[in-house]
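Chains as they are written, first to last, in the working numbering: chain W, 1 to 375; chain Y, 1 to 330; chain P, 1 to 336.
What the hints contain is simulated information worked out from the structure, not anything from laboratory work. Among the hints, a few may not be true.
[To be verified] Pairs of lysine to aspartate or glutamate residues, derived as EDC-like cross-links and limited to a Cα-Cα distance of at most 16 Å, are as follows:
hint, chain 1, residue 1, chain 2, residue 2
1, W, K12, Y, E151
2, P, K206, Y, D269
3, Y, K244, P, D273
4, W, K12, P, E19
5, W, K318, W, D226
6, Y, K326, Y, D316
7, Y, K203, Y, D228
8, Y, K203, P, D273
9, Y, K250, P, D270
10, Y, K244, P, D270
11, W, K12, P, E288
[Claimed, not checked] Among chain W residues calculated to face chain Y with C-beta under 7 Å, some are:
hint, residue
12, T17
13, Q20
14, G38
15, W228
16, E231
17, F234
18, A272
19, G273
20, A274
21, I280
22, H283
Glycine is no exception: its CB is placed at the ideal position from the N, C-alpha and C atoms.
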Amino acid sequence: MTQTDAVETRRKEAYFTASQGQLIWARFRRNRSAMIGGAVLILLVFMGLFAPFLSPYDPTVAGRNPDYTNGAPQIPRFCDDQGCSARPFIYGVTRERSIETNFRWVTEIDTDDRRYLQVFVEGDSYRMLGIRGDIHLFGVDEGKIHLFGTDAAGKDIFSRTLHAINTSLAVGTLGVLISFVMALVIGGIAGYFGGVIDGVVQMITDAVRTVPAIPLFMAMAAFVPDTWSAETRFFFISIILGLIGWPTLARRVRTHLLVERNQEYVLAARLAGARPGHVIRRHLLPSFTSYIIVDLVISFPYMVLSETALSFIGLGLKDPVNSLGVMLQNTTSADVLLNYQWYFIPVLFFMALVMAFVFVGDGLRDAADPYGERG
Amino acid sequence: MSAPLVSVENLSVHYPLGRSLLGRAPVLKALNRVSLDIPRGAFFGLVGESGSGKTTLGRAILRATPITEGRIVFRDGAGEIDLAEMGRARLRAYRREAQLIFQDPYAALNPRMTVRDIIAEPLGIMGLTRTRDETDARVREIAAMCRLNLEHLRRFPHAFSGGQRQRISIARTLVCRPHFIVADEAVAALDVSIQADILNLLKSLQKDMGLTFLFISHDLSVVAHVSDYVAVMYLGTLVEIAPKHALFRKPRHPYTKALLSAIPSLDPDDDRKAQRLSGEIPSPANPPPGCLFHTRCPHATARCRSEIPELGDGGDGVRVACHHWKELST
Amino acid sequence: MAERLISVSDLTVRFRTDEGLVTAVDDVSFDIREGEILGLVGESGSGKSVTAKALMRLNADNAVYDPQSRVMLSMPDGGPLDVLALRRARDMLPVRGGAISMIFQEPMASFAPALTVGHQMVEQLMLHTSMSRKAARALSIEMLDRVGISEPARRFEQYTFEFSGGMRQRAMIAMALSTRPRLLIADEPTTALDVTIQAQVLDLMKDLVREFGMGILFITHDLGVIAQTADRVAVMYLGRLVEMGGVRQVLRNPLHPYTRGLLGALPRLDALDAPLTPVPGDIPGPLERPSGCVFHTRCTEKIGPVCAAEVPAHVMAAPGHGARCLRLDRAREAAR
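Could you build all of it, start to finish, from the sequences and the hints given here?
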C-alpha cells in the first residue's frame, strides 16, 4: 500500500466513523460564507464581551468629553508633513462658536499639537465580566481620542458602539433562552403526545402568536414605572421578547418531534418494547439537537432586530443603557443627517451582526441535514 | 405435526374514516375476517398488491396496530396466549419473541448511532444483558451470523450500502433471539444482485436459529423462491393459501392465476397474455359487495356479485375462497 | 432497414460535486431505430437515468459532457441534430416533447397538481404543433381513450389526484404520445405500479409502438419486463455499457459475467427450487470507481490483474451481440 493509499484509507475510515456532529462540522467548514460569518460573529461577540477594556472611555455621561461634542471621527495617522513617527497620533482640536458661523461649532485642527496613542492606558474604572479594572486598550497621552466621533453630549461613539453590541447580544441571548425553554416544553408536549393535546396546545400557540407586538409594547411602556433602573428595564424587555418569541420556535420543535416520532428506527425501538423515556432520550432528543441549534441561531437576529426596533421607537431600552437601537434614536433629526453622519456608524456594526448570524444559521442548516447522505 | 406457532382467527382491522352525523361512519376495512395458521419453523409468504392488507396483517400480528375484532393465538413454549387480549406486561414479553424487519434500510437505522449501538439497543431495552462485555459478545455473535465485518461495528450507518444496512437491520432484529419474524418487504428496496444475497441470508438464519418467518412481499417471484407456504390476499381478505408448489403449479383462484400470468417472464417467447385483468383495484374504503374480486374477474357470475365466498378446501393442502374454482380448474 | 432515430456515441457524463468530478456515464454508445424498443437495464448507480436525461439535456447544471460525446437525433425536417451541441435551452424546445417525449416513474412528477389533466395535455399539444385549441382537445380525449381510460371526456376535466396510479401512468403515456414523438424515453414507467396493472400498461405500450411506429428507450431494473417488452437490450453497470444485443441473445446466452450474475440472482417462476446466486460484493460507491474493467471487483471470472488495468473494448461475439469483457477479447485473439 503506497503512502497515498494509506492516507486515503485513513481519510475514508475517519469518514465512516465520524459521528453526526463531526460530519456537520466538516460540511460547515466547506461553506465559505458561513465560515466568514462565523469569524465575524466571534469577533463581534469578543468585542462585546470585552467592550469595557477595548473602549477607551466610559460610554455613559461619566466618560464624556465636553470639549468635543458632536465631534467628527479622529483617525490616527503615522505621518504628516512634519515627518513620520512610529507611534500613531491624532491632532488636538480647538473649537469656537462665533456669530459669523451662526453659532455653529467650527473645529480647528491644530497640526502642531500631536497627541500620541498609547496602549494599556489607565482610565475610567469599569466592571467587566465581574472583574474590576481601569486599564483600557488604548488612549492618548493628552485629551481624548474619538475614533468614531462623539454625539451631542460628547460621549464617545466608539465606546458606545462596543457596549451596545454587548447589550444587544445580551438581550438577544436572554430572550432566545426564555423562548427556547418555553418552546421546548410546550412544543415538546404537543409534538410528542399528538392528538387532542396537540390540538389544544396549537390553539394556545396561535393565540399568543397573533398578539400584535407594537401595541403590546406600547401598553407595557405605559405601565413600566420610570423609577425602574436600567438593568431592571433590560431584563423586563428581554423577558417580554422571550415571551412573544416562543410560538415560532415551539412550532418548529413540534414539527421536528412529529417527524422524528414517525421515523422507522423509533418504531423499531418501540417494537422492542422501549418505554417513552428511552425513545425520547436515545432517539428524539439527539435527533433534533442539531435542528434546534440551527433554529436558535436563526432566531437570534430576530431578537436583536426586535430589540433594536423597539428601542429605536422609544419603547424599549433607554439611556443610559446602551443598545444599538438606543444609539439609533439619536439619528432621527435632519441636523444629524446633514452634519453628523458618523452617528450612523453603529448601523454598519448592526448589519454585520445580523448578517453574520444569518450566514452562520444558513450554513448550519445546510450542514445539518443528515438525510443528504442517502445512497 | 405440532400446533402452528401463530393462528389468526377472524381477524379484522378497520380504520374509521372521518365522522358522520347520521348513520355509521365510513370505515376502511384494511383486514376483514382473515384466518390463517403459520406452522412452526415455516417460511410463510404473504403476497398481494396495494390495498391487499398484507402489511396490516403483519403489523397486527406484531401488535403494532390496533385490532378491531378477532383473535391471534401465539403458542410459545409456555402455552398459548391471545395476542388481541394481551396486557402490557405480557406484551413486553411478546416483543422478545416476535420482531419485524423493515423495508427501508435507509430509514430503519438511526443515523446518529454507531452500528454496534444500533444492534445492542434491544438488549438494553429488554434488559437481556448485564455487563457491557456480555452485550458486546452477543452483538459480535449476531453480527458474524449476519456476515457483517466486525471491524465495521464502530462505524455509522452512512458508511454502509443498502444491502449492508439491511443486514445490520436484520442483526438488530435477531439479537434478542426471537422465534417469529415478520419481514415486511425486506428486499423490495434492494438491487436485484443484493436481494438474492439477503434472501439467502434469511434462509440460512432460519435454519441455524430455528425461526418462523412471515414474509410479506408484492413480488411473487421472490416469495416463490423462499417460502414453504404462500397466502394470497386481495382487498383485505385471503383468497388462496397453499403450499408453494401447489400454488405455483396449479393456482386455483382466478386472482392468483391473473397475478401469476402478470409477472413478466424472463423467457421472451413466453406469451401469457391469457389472464389479463381489466379495470383498477377498487378502493378499500369502498369495497364491492359479494366476492371482492368479482369486479375484475373474467368469470364472475350473479352468485359472485352477491355472496361472499368462504375459504374452503381445494385439495392438496390448498384453501381457496372462490365459488367456482373447481369448474375453472378443469 | 428502419430509419435510425437517434444515435448516441461515446457519451460520457460527469458531475461536479463537492468531492470532485464523479463519473456517471462512461463511453456509452447505442442506436435506436424506428419501431424498435431498446431496453436499458441496470441497478442503482448504473447511470441509466443520467443517460436518458442526457438525450434531452435534462441533467442538472453541474453535469459535464465530454466533448467527444455525441447524441445525434434525426429530425423529420432536415439533417441530424446534435443535442449536446445545443447551447440554449430554447433550442431544446422542438426536441423535448416534440421529437422526443419522456415518461417517468412517478406520474405525479409529470403533472402539475393544480391544473386539470386536460389542460396540460392541450398545452403540450399547442406548444409543439400548430393545432387549434379545439383540435388539441379532441385529440387529447381520443388519446385518453386510446390508452384505455374509461369516460375520457369526463377524465379530461379532472385533476391528477383523482386518478389511480395505473390511470395516471396511462394518462402520462397519452400525453407523451399525443405529439407523435419519434422517440419515447420511458424511465422506469411501471416500477411503481402493481404487477397486474403493470401488465396492462406494458401491453398498451407494445400496441402503441406497433401502431405509431416510434422507437422506445425503455429503462428499468427489471429483466423480466425487458424480456417481455424489448427487442434489444443494453446492460449497464457503473456507467458503462457492458453488454448489448437482441433480447433473446442476451437472455439466453449472456456474454458478460455481470449479466450472467444478474440472471443467476433472479428468482424465476419456472425454476422454483433453483438456488439464487447473488453477485458477490457490493456496488462500489461513485467515489470508488474501479480502474480498468469496471466490474472486476466483483467478477468471479477474472482472468488476472489485467482486468484491473485494461478497459475492455466492446467485442462482438455474434451479429448484433457484443460485450465489454477481456475474455471475449482474448477468445477472439485466440481464434485468429
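Min Cβ distance, W:I280 to chain Y: is it shorter than 7 Å?
13 Å, violated
Could you grab the alpha-carbon distance between Y:K326 and Y:D316 and see if it respects the 16 Å cut-off?
Status holds; Cα separation ~13 Å.
Can we keep the W:T17 interface hint, with Cβ of chain Y closer than 7 Å?
At about 5 Å, which falls below the 7 Å cut-off, the nearest Cβ of chain Y leaves the hint on W:T17 intact, so it holds.
Measure nothing beyond the straight line between the CA atoms of W:K12 and Y:E151; if it is 16 Å or shorter, mark the hint as holding.
14 Å, holds
Does the alpha-carbon distance linking W:K318 and W:D226 stay inside the 16 Å limit?
11 Å, holds
Per the CB criterion, is W:E231 less than 7 Å away from chain Y?
Hint violated; W:E231 Cβ to chain Y Cβ min 41 Å, cut 7 Å.
Would you mind confirming whether the straight-line C-alpha gap from Y:K203 to Y:D228 stays at or under 16 Å?
The given pair, whose Cα atoms are some 11 Å apart, holds under the 16 Å limit.
Given the hint that Y:K244 pairs with P:D270, does the C-alpha gap stay at or below 16 Å?
At roughly 13 Å apart (the allowed maximum being 16 Å), P:D270 and Y:K244 satisfy the hint.
Can the restraint linking W:K12 and P:E288 be considered satisfied, given a maximum Cα separation of 16 Å?
Given that 16 Å is the threshold and the Cα spacing comes to 11 Å, the pair holds.
Does W:Q20 hold up as a contact with chain Y if the rule is Cβ-Cβ below 7 Å?
At 5 Å from the nearest chain Y Cβ, W:Q20 passes the 7 Å test, so the hint holds.
So if I understand the rule, the pair passes when the alpha-carbon distance is 16 Å or less; does W:K12 with P:E19 pass?
12 Å, holds
Need the status of pair Y:K244, P:D273: alpha-carbon distance at most 16 Å?
10 Å, holds
In this structure, the earlier hints numbered 14, 15, 16, 17 and 21 are contradicted, and the remaining ones agree with it.
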